[in-house]
Amino acid sequence: MVLVYTESEGGKFKKIALEAVSYAKGVADMMGTSVTALSINGGDTSELGTYGATKVLEVSNDSLNNFNAESYADALTQAAKKENAKVLVLTASANSKFMAPLIAVNLNAGYVPNVTSLPTSATPFVVKHSVFSSKAFSSTEITTDIKVIGLAKNAYGLKEDVTNANAESFSPELNGNTSTIVVSVDKATDKVTIADAEIVVSAGRGLKGPENWGMVEELAEILGAATACSKPVSDMGWRPHGEHVGQTGKPVASNLYIAIGISGAIQHLAGINSSKIKVVINTDAEAPFFKAADYGIVGDAFEVIPQLNEKLKIFKAQNG
Amino acid sequence: MKILVCISHVPDTTSKINFTDGDTKFDTNGVQFVINPNDEFGLTRAMWFKEKQGATVHVVNVGGPETEPTLRKALAIGADEAIRVNTPATDGFSVAKQLTAVVNEGGYDLVIGGRESIDYNGGMVPGMLAKLTGANFVNTCISLEIDGNNATAIREIDGGKETLSTSLPLVVGGQKGLVEESDLRIPNMRGIMQARSKPLTVKDPVDASLETQTLAFEKPAPKGAVKLVDNVDDLISLLHNEAKAI
Ligand SMILES: Cc1cc2nc3c(=O)[nH]c(=O)nc-3n(C[C@H](O)[C@H](O)[C@H](O)COP(=O)(O)OP(=O)(O)OC[C@H]3O[C@@H](n4cnc5c(N)ncnc54)[C@H](O)[C@@H]3O)c2cc1C
Ligand SMILES: Nc1ncnc2c1ncn2[C@@H]1O[C@H](COP(=O)(O)O)[C@@H](O)[C@H]1O
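Line by line, the protein sequences are chains A and B.
All residue numbers for the first sequence refer to the numbering used here, where the first residue is 805 and numbers rise by one.
All residue numbers for the second sequence refer to the numbering used here, where the first residue is 313 and numbers rise by one.
What you were told as hints is all true, and nothing was included just to trick you.
Listed next, the in silico PhoX-like pairs over lysine-lysine satisfying Cα-Cα at most 25 Å (straight line): (1) A:Lys963 - A:Lys818; (2) A:Lys1095 - B:Lys539; (3) A:Lys995 - B:Lys556; (4) B:Lys556 - A:Lys963; (5) B:Lys362 - B:Lys314; (6) B:Lys510 - B:Lys362; (7) A:Lys939 - B:Lys535; (8) A:Lys819 - B:Lys556; (9) B:Lys556 - A:Lys1117; (10) A:Lys932 - B:Lys337; (11) A:Lys1080 - A:Lys939; (12) B:Lys535 - A:Lys1080; (13) B:Lys556 - B:Lys535; (14) A:Lys939 - B:Lys337; (15) A:Lys1120 - A:Lys1080; (16) B:Lys535 - A:Lys1095; (17) B:Lys531 - A:Lys932.
Please keep in mind that the hints were generated in silico from the structure rather than gathered at the bench.
This structure is a prediction, so every number in the text was calculated from the model and none was measured.
In isolation and in its complexed conformation, chain A is listed as follows (with noise of 0.2 Å):
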């Protein structure tokens, strides 16, 4: 049995979560094998059935509604046991992340992070994932017994798969670390995260200081995308750290990647090797970044980024 955590938010799966889902039931198909999802406080399950989950296990409990890493972990630990699940599906969420390697040390499991795709093989089980930053990839075999899977974002795509998923409702034992308590969030909810956003809209040095990022946020806006950006940016002050995109900041993996004023730094592309369509604008012909694009236009961002919003407004209107 093939097991995924499913995270959602406000009460609906994330689109992370789905794609899970849909790798899942790729690798329950290699192994002849079948999907269960594990829910926490999270959305209408029947969507999880769309993408090939047969069984849900529905925890809901008030005490998880802030994630703790050592609870997450307990109740994912204690349905891996319960299903007798010999792959275990996560994702590259912060909280994946997180709680992945606790999850890894309870069941005894190999776990790899970064996975790209399916895997070439199921047995012996060996996976390929990303990394030197996205710069290569690795097939690694995980030996042991249960396999821990850390899914990639934006790697394997939605697929759907019908099934009716069964809902059960699932009470782990929280055993629960209460030594660690969360104090406070501090989350803009209006607005799209580098981790979910399909389009990344990100500016550097070129824009010569923080009073020209209202046509950035403007772009942003018009996409629906997050906003981003170097990092000598962040280092000025100039946008929150949070926003600091490329090796020593967030990886990006969006399906559209915009860069504005910004030069294409090893470092800075480390961080967007991952995404797949990379646009950029930048004054100077020769900058790094043009190497590792797909579409380009040589040009002052104080024009182009103007006339791009204006286009993009009545382009939008057009297509909804």
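Since the structure of chain A is provided, determine the placement of chain B with the ligands on it from the hints.
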């Protein structure tokens, strides 16, 4: 307070990534190795605890003799002692088991590691170490204050941050934010001289099974040349019709 900083020895961020031995090994030819950037932020925060709160700071690496210059650099930055567990670091779980033996023996109150190593991007050693030693754990930690036995940590979450109250013994997976970029220290001559006479203990590894095994590496297929356009209409049309990205 006794602090252990876990130091991963990684290729410098500008390194070219190549493989040898039939694509089974990372090619270290011409590669400069450094302290993993995430660990450098943690080490610098540890120096702060040493200077302001009188902590002792040890650094540890699981690896072969080639990692010693990296440990010496950590000593030059100000760590008091270094430990090297003499075994190649192959998979994260086994590294965590080696570190568990070091932590249990040394009785550390606080262990600072990095969110991930920038080479294999495992992001697993600190969490596993916490679980194996029974310590509390905070990942993607961007701020850490210790007061007696209590700790207040801020961790980065998707789209924001979260403040946690926890207690020692504690393991953190740290990153930029633990200290600022401008707080990072370049070892000075005095530090480098002192580092030469600080203890660097080589320990034999404990028995640890491997849970994973790397079979081969490959590089992504080279990508096609960039398509340059000179107006935003063409860009929008390509993104819509060709790339199907908007
Ligand atoms: C250990 C280490 C880790 C690092 N980690 C990261 C990381 O994680 N992320 C990261 O981003 N960087 C990282 N860096 C820094 C990296 O090397 C670069 O310095 C940085 O990415 C450059 O940022 P930038 O492109 O915004 O600025 P610059 O390199 O200054 O580039 C600005 C660009 O804007 C263009 N420009 C100027 N005016 C305009 C205009 N009007 N319109 C359009 N374009 C314009 C210029 O042609 C230029 O290409 C790291 C460095 C080190 C040493
Ligand atoms: N070989 C090692 N020796 C000591 N510490 C390590 C080693 N490998 C990883 N670490 C620590 O664990 C963190 C996360 O590494 P990883 O799980 O490999 O991504 C690193 O930032 C280090 O702090």
